[in-house]
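Chains as they are written, first to last, in the working numbering: chain A, 1 to 328; chain B, 329 to 656.
For the record, the hints were derived by calculation from the structure and aren't laboratory data. Misleading hints may appear alongside valid ones.
Said to hold, decoys possible - Partner residues aside, some chain A positions facing chain B, computed with beta carbon under 8 Å: (1) Pro29; (2) Leu31; (3) Ile50; (4) Phe51; (5) Gly55; (6) Asn201; (7) Pro202; (8) Ala275; (9) Leu280; (10) Val281; (11) Arg304; (12) Gly313; (13) Pro317; (14) Arg321; (15) Ile324; (16) Ser325.
Said to hold, decoys possible - Looking from chain B toward chain A, a few residues come up when the C-beta cut is under 7 Å (computed): (17) Pro357; (18) Ile378; (19) Arg428; (20) Ala603; (21) Ser604; (22) Gly641; (23) Pro645; (24) Arg649.
The structure presented is a predicted model; accordingly, all values stated were derived computationally and were not measured. No residue lacks a Cβ here, since even glycine has one placed at the ideal position from N, Cα and C.
What follows is the residue order along each chain.
2 protein chains.
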Amino acid sequence: MIASPSLSVTFGDVQAARDRILPYIHRTPVLTSRLIDEQAGARVFFKCEIFQKVGAFKARGAFSRLTLLSPKERSRGVVAFSSGNHAQAVALAARELSLRATIVMPTDAPASKIAATRGYGAQVVLYDRIGGESREEIGRRIAEEEGAVLVPPFDDDAVIAGQGTLALEFLEDVPDLEIVVTPCSGGGLLSGTAVAAKGVNPEIRLWGVEPEAGDDMKRSLEAGRIIEVPLPATIADALQTTRPAERTFAIVRALTEGILTVSDLELQRAMALLASRMKLVVEPGGAAAFAALLHGKVPDAAGRRIGIVLSGGNVDPERFRTLISDLG
Amino acid sequence: MIASPSLSVTFGDVQAARDRILPYIHRTPVLTSRLIDEQAGARVFFKCEIFQKVGAFKARGAFSRLTLLSPKERSRGVVAFSSGNHAQAVALAARELSLRATIVMPTDAPASKIAATRGYGAQVVLYDRIGGESREEIGRRIAEEEGAVLVPPFDDDAVIAGQGTLALEFLEDVPDLEIVVTPCSGGGLLSGTAVAAKGVNPEIRLWGVEPEAGDDMKRSLEAGRIIEVPLPATIADALQTTRPAERTFAIVRALTEGILTVSDLELQRAMALLASRMKLVVEPGGAAAFAALLHGKVPDAAGRRIGIVLSGGNVDPERFRTLISDLG
Chain A
1 MIASPSLSVT
11 FGDVQAARDR
21 ILPYIHRTPV
31 LTSRLIDEQA
41 GARVFFKCEI
51 FQKVGAFKAR
61 GAFSRLTLLS
71 PKERSRGVVA
81 FSSGNHAQAV
91 ALAARELSLR
101 ATIVMPTDAP
111 ASKIAATRGY
121 GAQVVLYDRI
131 GGESREEIGR
141 RIAEEEGAVL
151 VPPFDDDAVI
161 AGQGTLALEF
171 LEDVPDLEIV
181 VTPCSGGGLL
191 SGTAVAAKGV
201 NPEIRLWGVE
211 PEAGDDMKRS
221 LEAGRIIEVP
231 LPATIADALQ
241 TTRPAERTFA
251 IVRALTEGIL
261 TVSDLELQRA
271 MALLASRMKL
281 VVEPGGAAAF
291 AALLHGKVPD
301 AAGRRIGIVL
311 SGGNVDPERF
321 RTLISDLG
Chain B
329 MIASPSLSVT
339 FGDVQAARDR
349 ILPYIHRTPV
359 LTSRLIDEQA
369 GARVFFKCEI
379 FQKVGAFKAR
389 GAFSRLTLLS
399 PKERSRGVVA
409 FSSGNHAQAV
419 ALAARELSLR
429 ATIVMPTDAP
439 ASKIAATRGY
449 GAQVVLYDRI
459 GGESREEIGR
469 RIAEEEGAVL
479 VPPFDDDAVI
489 AGQGTLALEF
499 LEDVPDLEIV
509 VTPCSGGGLL
519 SGTAVAAKGV
529 NPEIRLWGVE
539 PEAGDDMKRS
549 LEAGRIIEVP
559 LPATIADALQ
569 TTRPAERTFA
579 IVRALTEGIL
589 TVSDLELQRA
599 MALLASRMKL
609 VVEPGGAAAF
619 AALLHGKVPD
629 AAGRRIGIVL
639 SGGNVDPERF
649 RTLISDLG
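So here's chain A without its partners, still in its complex pose:
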């Protein structure tokens, strides 16, 4: 037997994160639908992070990180780069904890996410994602200039531990889950969920879901090393990363079954079904885990008790209308 390399986030880290963030976040409900069960041929449990503060699980990671800051760090404020949900989450957490926040966002981020981030009192710096500017570089420059603490969207142990807290709640509500499926962007949600779920029950099988166009984690797992992909063209704006971090890659590699991929049309079909059957507004990336299940891509799912993370619901109304139309 080959020993696993030690991972950067432990089950204890997730439990500690939960204690820290408890006053600030919602315990989100788990919803079910018999009609969905019949369609999926399994018992499906939806962890509704669309009802989380800022409309996405990212609030967990942001509060987990910001509650660890020293008094000196707090006085200098935080900076984050994000295509949307992480930006809102850091802005909210900063406001709640009375810190200054600067957020670097792409100009093509959904208008509602930019507006919401500003609404939380953060200073927003826009950059041109297509033009080749690196948000990491901009974020790091601002952090240096202002002495602020950079809060990465996934390449951070406290952020990963924070995201994992949703799995603790999920398994308290539905202790006998056999499979848990989450969307996968940089891997923070998937790796945090994996650490937490395996800590509760080592038999649980974890899957992550990427858009076909942005399968950097899948390719990295196949290659056994981090692979970078071009900026993916997908409707799932929340899943437009080009490469995982070393720490998320290591956890996903050690603890999950692997990565599944879905097309944009499969995401749209999942969104439409969630709207009509579950009465839920889910953003494209937030529907990725359900899209994989719905299209028969989750191995050995038949008859199982499956946890599906609906990770975010921040989609402009006009865009939502367009995406759930004309699915043939």
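Chain A is already provided as a structure; the job is to place chain B on it using the hints.
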């Protein structure tokens, strides 16, 4: 002090209904949003009956009634007339309890509701609502011919008691509600909620909300007797009744503050805000209580803890898209 006339449904009836229906229905979650609170200037708690079986509170009343049938009645089956949600509810309850069900539905009911009713195994008989045929007459004729038990949508004490069960849950989850607002069609939901809420806390203030075009309960209260209105032209298909029943009228008159009205545009604005802020798909009639609060129509609401019943989510996707568009 004038003694109240005795009402046909008691708090004990609601408690008994709850025991009967417990195995069959969902305990629906209560959701909140700080952004909605800021916009409404109050603490708002949403009782999400959109997640109830069949997507609406009507499952409660149907199970409450059908679980009271005698063995002889069960053998003859049930018949119901409904524009939609009650139809699905009776069809589901009949299937769960192994009864035969015939449902009389208007030809212009939403396609999804007709399909769902058939999907539950009920026989659907369509009639032309605009043409002047009376669904009550058709339902009664079928009931007589087949010896089946007629299950009215609201003019029935067991149905009213069943709808009231949602208020028991609501006040367990949020004990210090000061005001509860529900949509009002024939008054079954409002009167059941009033009996239950007043039974828990006599100080709670109850309001019902009708579409402006179909304010039969409001006019009846003002006249002190039942007033019939023409078939209302409103997007709220679930609220298209022309008159309350004697028993719902009596309860609403005795236990509530009164009736508020909202326009179709106000319903649409409420639906759009529930979709963008709360990530919830709510049908037009289901959003009526929130529409009244949002537009400042609930008296003395500022700073109060207000329970809003989101009563149903059954709206065709295409219609939903249209209704949340173009609100100026």
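Original post:
Quick check: which numbered hints come out false for this structure?
Top reply: 6, 7, 11, 19
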